[in-house]
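Given chain A, work out where chain B should sit, using these hints.
So the sequence lines, in the order shown, correspond to chains A and B.
Counting from 0, one number per residue, gives the positions in the first sequence under numbering that gives the first Met the number 0.
Counting from 0, one number per residue, gives the positions in the second sequence under numbering that gives the first Met the number 0.
FYI, nobody ran anything at the bench for these hints, they're computed from the structure.
Possibly wrong hints are sitting among the right ones.
[As the list claims (entries may be wrong)] Examples of chain A residues toward chain B, derived with CB under 10 angstroms:
1) Gly130
2) Glu134
3) Val154
4) Gly166
5) Met177
Heads up, the beta-carbon is just placed ideally off N, CA and C, and yes, glycines get one too.
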Amino acid sequence: MNSAEFTPEEMMTVAASRALKNDDVCFVGIGAPSAACNLARLTHAPDITLIYESGTIGTAPDVLPLSIGDPELCETAVTTVSVPEMFRYWLQGGRITTGFLGAAQLDRFGNINTTVIGDYKDPSIRLPGGGGAPEIASSSGQIFITMKQSLRGMVETVDFFTSFGHGVGGQHRKRLGMTTKGPVLLITDLAIWKSDPVTKEFVVATLHQGASRDQVQNTCGWTVKYSEDLSKTPVPTDLELTTLRDLKSRTEAAHGG
Amino acid sequence: MSKFTSLKDAVSQNLNDGDTVAFEGFTHLIPYAAAHEAIRQGFKDLTLVRMTPDIVYDQMIGMGMASKIIFSYAGNPGVGLLRRFRDAVENNWPASLEIEEHSHAAMANAFEAGAAGLPFAVFRGYRGAGLVEVNANIKSITCPFSGEELAAVPSIRPDVTFIHAHKADKAGNVLIEGIIGIQKEAVLAAKRAVVTVEEIVDAFDTHPNACILPHWAVSTIALVPGGAHPSYTHGYYERDNVHYLEWDKIAADRPTFQQWVQENILDATPADFNKRVEKLRNAV
Chain A
0 MNSAEFTPEE MMTVAASRAL KNDDVCFVGI GAPSAACNLA RLTHAPDITL IYESGTIGTA
60 PDVLPLSIGD PELCETAVTT VSVPEMFRYW LQGGRITTGF LGAAQLDRFG NINTTVIGDY
120 KDPSIRLPGG GGAPEIASSS GQIFITMKQS LRGMVETVDF FTSFGHGVGG QHRKRLGMTT
180 KGPVLLITDL AIWKSDPVTK EFVVATLHQG ASRDQVQNTC GWTVKYSEDL SKTPVPTDLE
240 LTTLRDLKSR TEAAHGG
Chain B
0 MSKFTSLKDA VSQNLNDGDT VAFEGFTHLI PYAAAHEAIR QGFKDLTLVR MTPDIVYDQM
60 IGMGMASKII FSYAGNPGVG LLRRFRDAVE NNWPASLEIE EHSHAAMANA FEAGAAGLPF
120 AVFRGYRGAG LVEVNANIKS ITCPFSGEEL AAVPSIRPDV TFIHAHKADK AGNVLIEGII
180 GIQKEAVLAA KRAVVTVEEI VDAFDTHPNA CILPHWAVST IALVPGGAHP SYTHGYYERD
240 NVHYLEWDKI AADRPTFQQW VQENILDATP ADFNKRVEKL RNAV
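Next up, chain A with everything else stripped away, as it sits in the complex:
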């Protein structure tokens, strides 16, 4: 495969990585966010500070961790602190510029559910729960979210407010005493979405190559809105794709046993 051929998932990871800046201090969720954050570090943002909730600050793993507490995160970190210190001083203390989260269920206002499908007391599927996400969502300077689009995942209303995004939209965060920006960016396998400055609803800003409006709507449970200056997401560069594929193959070799 060369840069003319890439998967939607690769496009998603590349697009997500580009959103991060060299001077960001990023609290990294496991899974898709972790791949994007490390791709950013290995391409345009070599000095980015990546933080995992296990307490590893400024980590630079050679392969993607399977868990948030893999040994390599600690070995390559600037420092490793205790979990209470992580959440109290570094997150609650306001040191994190960007929190990067995945989601099982997401609504148009960036509210995330990773707790239950169905009723909390009698769930049809019991998911793992929030972990660090509720306070990452409220205490990080801003939130990026990345997930693959599906009708199951992108829903009109989340079954449970694991992490509060913009609630019902508008100034809802402010009314709850939050001074951080909350979700500002959503990167999917089909598009980049930005939250509207007033309504706070996610609006499609760019479509990935090959993705159509129909595809975006057919994999999204709410009525999709598009930016007036809708454009195309730039395709991955050779460097981005090569770096991502090398990272993935090193990761598979390391975790495959």
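Leaving out everything else, chain B in the frame of chain A:
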């Protein structure tokens, strides 16, 4: 004063039916050997406390040992869901399980408050979070100085905490390195603390700010090399990521799970842990 015993005695002397117990470790240093010994001894009606229940609590819940769990992330890290935990929550199998669910920040603060001898923890959290409506132990408090409304949760004070650590010295001081997680707080918050260690040495060769639990803060120590498997002990052996992936299949089906527990826990001994990490030691 801490004392050295076999793992069997350490567990039987410190754990009782009905206890609130924490087997802590944040991905790293999870005290599997101690939990397996507790499974072999067949304790009942436990309240299990742990930020990230992981497959060790999947095993204990699947064996019907827990009546309640206090937690903040019940997943198989990097792999998916905990299937025995799900079966208990969704289908009451093998027994119903009361859940008290928090965020990581809340649990971390609650353990720290427990270690600090405080009745509750205060922090900026749970804003807009759904857990506030389903967990009666999440309350709010107004700062008497600024008027800011903050979250409050009861401190965690386990009857007993189990952890796994790198080393003990001969006096019974305990050294923890790497991802130290919440273990120090979990030990200091508990009435009793049991530590399994990789080795016992004459003296530590470390720096002045190392994470050391003085011997008088630990009740009992048991030497169990490999005792964190399939979690890991940094510098001793790697995390058994393959086992974490395999667990998803083992736990997917009740008879497969029960057979696995019979062969690998009930019919096994603490000494088996050293064998399980043999190949993982070479990887370090």
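Each hint tested on the structure:
1. Gly130: Holds - the Cβ of glycine 130/A comes within 10 angstroms of chain B, reaching about 4 angstroms at its closest.
2. Glu134: holds (4 angstroms)
3. Val154: violated (15 angstroms)
4. Gly166: holds (6 angstroms)
5. Met177: Given a least distance of 6 angstroms, the restraint on methionine 177/A holds.
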